[in-house]
Amino acid sequence: MFKILRSVLLIQALLLITIASTAQQRAIVRGKVTSAFEPQGVIGVTVAELDANNRLVSGTVTNLDGNYLLEVRNIENRLQFTSIGYLDQIVEIQGRTTINVVMNEAVTELAGAEIVAHRRTQTGSLNVPDRNLAIPIAKISADVFEGVHASSIDEALQGRLAGVDITANTGDPGAGMNIRIRGVNTLTGDASPLIVVDNIPYEINVSSDFNFATANEEGYSQMLNIPVDDIAEIAVLKDAAATAMWGTRAANGVLLITTRRGSRSTKPLINYTFRGTYTFDPPTIPLLNGNQYNTLIQEAWFNSYGTPLPFETYREFLQIPDDPYFYHNYGQNTNWLKAVSQNGFIQNHDFSISGGGNRAVYRFSVNYQGQEGTTIGTGLDRLSTRLNLDYTISDRLRLRADFAYNHADTRGNYRDNTFRDGRELRSVAYRKMPNMSIYEYDAFGNLTGNFFSPEFNAQGTAPNTYNPVAMGNDGFTRTINDRITNRLSLYYEILEGLRYTMDLSFDVNTNKVRRFLPQTATGRTWTDSWVNRAFDKDDDSYTIYTNNQLYFNRMFNAIHDFTASVNFQTNERIGSLYELETANSASSLLQDPSLDNKYREAGLGFNSGPWRGRDVGATATVHYVLLDRYIASGSIRYEGNSKFDEKNRFGMFPGVSAAWRISGEPFMEDFTSLNDLRLRFSYGENGRVPRREGMFFNNYGTFAWSYLGYNAVYPINMQLENLKWESFNSTNYGVSIEMFNGRLMVDADYYLNTTKDMLVYDTPIPSTTGFSRINVMNLGTLDNIGYDLSVRTVPIRQSDLRVTFDFNIARNYNILREVADNYPLERSLTLYNGQYRHIVQVDNPIGSFYGYRYKGVYTEPDQLIARDAAGNQILDPNGNPVYMVFDYRNVRYPFQLGDAMYEDINHDGNIDAQDVVYIGDANPDFYGGFGSLIDYKNFSFNYYFYFRVGNDIINKTKMDGENMYYFDNQLASTLRRWRAPGDETDIPRAMMGQGYNWLGSDRFVEDGSFLRLKYITLTYRVPNSFSQRFGMQNMRLSATMNNLLTFTRYTGQDPEININQRYGDIFTVGEDHSRTPVAKQFTFNLSVTF
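According to mature numbering (1 follows the signal peptide of the UniProt record, and there is no 0), the stretch in the sequence shown is residues -23 to -1, 1 to 1067, in order.
One or more hints might be untrue.
[What the hints assert, rightly or not] Taking lysine-lysine pairs in the PhoX-like style, the calculated list, with each CA pair at most 25 Å apart, reads:
(1) K733 <-> K701
(2) K933 <-> K914
(3) K1057 <-> K315
(4) K733 <-> K624
(5) K315 <-> K9
[Unchecked claim] Beta-carbon label-pair distances, calculated as ranges:
(6) N867 <-> P285: 44 to 52 Å
(7) R953 <-> L572: 52 to 60 Å
(8) Y895 <-> R794: 12 to 20 Å
(9) Y291 <-> L572: 33 to 41 Å
(10) P1000 <-> Y416: 55 to 63 Å
(11) R794 <-> Y727: 15 to 23 Å
(12) Y555 <-> Y800: 33 to 41 Å
(13) Y895 <-> N799: 38 to 46 Å
(14) L475 <-> F1061: 49 to 57 Å
(15) Y800 <-> R953: 43 to 51 Å
The set of hints was computed from the structure by calculation and includes no laboratory data. Even for Gly, the Cβ is constructed at its ideal location relative to N, Cα and C.
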């Protein structure tokens, strides 16, 4: 018994000693965190207790006043203070119970974008301080867009980053933006950059039989489904040396997106943001009303035929009340453009909750955007959710898991390969007869409520007679996209400085497209194949991506900083496609093409099949810094792709970069205002792969129609055995300057990119081969040259007032150096009315325009006489004056008074192909942006301008609206047309179906330069004392105006024309076909945090 009692007492004594010891080690530590910029206290600073092994033991965050209270486990541990925008600080506790900390601000700027100095940039293979990078890179924090409305992050980035050219595809919801990093480096391929989200490629998977030549821009809005509120930071990698880790997919540059993650805190942080946006179109181009249109048509007919318009044939212009049907249906003053336009509205709701404990942190967000477009029948509903989890198992092992789901329902007008350019809804509205009624009147003059869509009238037959309002209301193109992206990452520190990282990503993407064109819009007879035409497509893809990395970093003797990494990546894409198009269903309500209909068996369009693609790559990278002054990097990537045969399946792509920090040299010690002066050089090689899989096989397909009563199988492509990588190399020279402790930053870069063995598609070959063209082949060389410059200043940086100013500018031009002899450098189009000579010339840029030079209107008889180079009249052998004619092929038309005058380049009296010259270029001379952010106490004022200068636009809307050649409506500018001798004007006379007054000339080529106020925002941060009364940590109110002002001489509705090679066609860049313009927007923003 005594022994038992003694044992119990001994155990109790040991427990008491342990408890006492523990009590002595634990303590309550409190304090306040301030900074020079926020002397009243820095909110949201993470305060973490670290043990001797750097493991997180406990933690908290500072409150609204910058105060914190933390129970530490051991008074011998350390406290780590971290916050975005400040340098990390680690403080020894040393038994203290009160620790106050002053955070040091670490914000400087690069490339007009907010960058955290001395912080690290994750380029994929390297994670080194920004100041030690020799590659051209720019970063921007999403915080600079506080209060700014943007439907997608690419829209917010427009004009913000030097060398990144972003233009809107259209103003319709869901259309997305077109992104070019340092111009175009390929002839006919896709030039969009690779999007990488949290170190995982965010790709668009394309089926092997996808037709790039007929693809529309809605398929490429890659970043639409990534809400701006989920993004923390964006980095742009501009050259091949910088993008080595990402391989050939990154040949056009990389946009690295980092999403927001949770922070350690004692309680969750809940944020809700609401944005309400009112949108409307810029002023439209004035059109003729019904009465003016009737006058023009009759005048044009008389000028051409010398007789009045035969009203017995064209009853649409008779205007006799005795015929109620024609009188009411063709007696209106309808503004069709106004009828298809509307004011839009966008609502955006964003909810997020973040937080965590000592080991695990999380952030969950839900974003909804609902939008009604400025064109009837257009809209967007998007739901996005994201969950980011981080879990620290130990000081050496961490896990990260991300889950994202996006649903987008985009509603657009009917659009297919036939209905594009001049046949899209707004183009139809521009040309529609304004004397027509929107709704039909019956034979007694009663309004029926049915859309007035006659089968034929003076404008002809379909599609010229389509009712644009009916197309907008009843016809549609609807795209439903669902995408699930999951990512699991593991970080394990094998030894000090040696880390292993594993990334595994699953990406499931389903895309469903439905189109329907009802009979109410076409007016065609019920037996026609364009009645109730329905289209349905399901395109599903599944991607598995893995990345395994060994990463080593060590500092030796305090002067040698060595970093190395080895990456091995795999990427497998699997997909299937099913599409069907039929017509002539029994009712406009039957919109499913699989239902029974007359043209189901005829097979208007049917396509299906699976596809698969794989690529693997290994990258080795080293980075060395000596004495914090001499920087060198090198990389080599070995990549294989399933789109090549075994002989050419693998490619090797090296890259090097170097920098010299002159400011670190001893002889620069006296230049105390100079913080960083760095000369940079980089060179890298990369490649591109074909669009389609399996080109090295003979592929076969089924023939849609029967042959001799039987179904047929035919070869789709010629077997390509020698297809190889398109090679791309880039050289970059740069300088980076930082002065006055980050108050002035300048980055300048000059680059030369060369593309060889270009992959060119659909090259014509003799039909004797059994094929009309080769799907893809290697031919040609293209140079891409340019520079970009960015300047950032912080003229005022005080506790209550901070002013920053950003400016960036870029210049880029491409030159076609060589191309194979069998590649067609000229589009086989004629030179009649409405047509330009489409030419691609060696040693000239892609995107050049060729046509006639417009000299005005023949107003005097003497002008009709041909003249030689000296200005003397040209006489025939009989001594009679030679008169100007349009002499082309089988046409010989003598010009008359009132006709268009074109320059006779070779002075032979004939306007023909010999008079076609270079008249413009769709490429801008330079582009960029500038703006300022002013913070004063609780107010912020933010504005930004975006500009493009020197690009030319072929104004097809003007060409269609001033030709006065058909029964189409015309622009109001035709009111000043030539009508009689003595008229002085720049617009020729109206001629119905005759004359050559609208040849492809510089009359319709306009300067597309513009300066646009991208946004102007005023933000008010409600004082915390007021917010706390309602249980809120903070509240923010802001008002934004987007695209409010545009300064331009362009006469079209919107000068922001996408230079993208539409439908993969290099001959049709820079044309304006009455697309929906970028809307003006007014936004109210409310954001609260609990």
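Hints versus structure:
As the CA atoms of K733 and K701 are separated by approximately 11 Å, the hinted pair is consistent with the 25 Å bound. Taking the CA atoms of K933 and K914, the gap is near 50 Å; set against the 25 Å cutoff, the hint is violated. As the CA atoms of K1057 and K315 are separated by approximately 16 Å, the hinted pair is consistent with the 25 Å bound. Proximity of K733 to K624 is assessed by CA-CA distance (about 19 Å); at most 25 Å being required, the pair is judged to hold.
Our distance criterion of 25 Å between C-alpha atoms is broken by K315 and K9, whose separation comes to about 61 Å. The supplied range of 44 to 52 Å is broken by N867 and P285, whose beta-carbon atoms lie about 30 Å from each other. R953 and L572 have their C-beta atoms about 53 Å apart, which keeps the hinted 52 to 60 Å range intact. Between Y895 and R794 the Cβ separation comes to about 18 Å, which falls inside the hinted range of 12 to 20 Å.
For the pair Y291 and L572, the supplied restraint of 33 to 41 Å holds, since their beta-carbon distance comes to about 40 Å. Between P1000 and Y416, the C-beta spacing of about 57 Å keeps the proposed range 55 to 63 Å intact. Hint check: R794 to Y727, Cβ distance near 19 Å, so the stated range 15 to 23 Å holds. In this structure the supplied range 33 to 41 Å holds for Y555 paired with Y800, their Cβ-Cβ distance being about 35 Å.
One distance hint, 38 to 46 Å for the beta-carbon pair Y895 and N799, is violated here, with the actual separation near 24 Å. Look at L475 against F1061: about 52 Å separates their beta carbons, and that is inside 49 to 57 Å. Taken as a hint, the range 43 to 51 Å holds for the pair Y800 and R953, whose Cβ atoms sit roughly 44 Å apart.
Of the hints listed earlier, those the structure fails to meet are numbers 2, 5, 6 and 13, in rising order.
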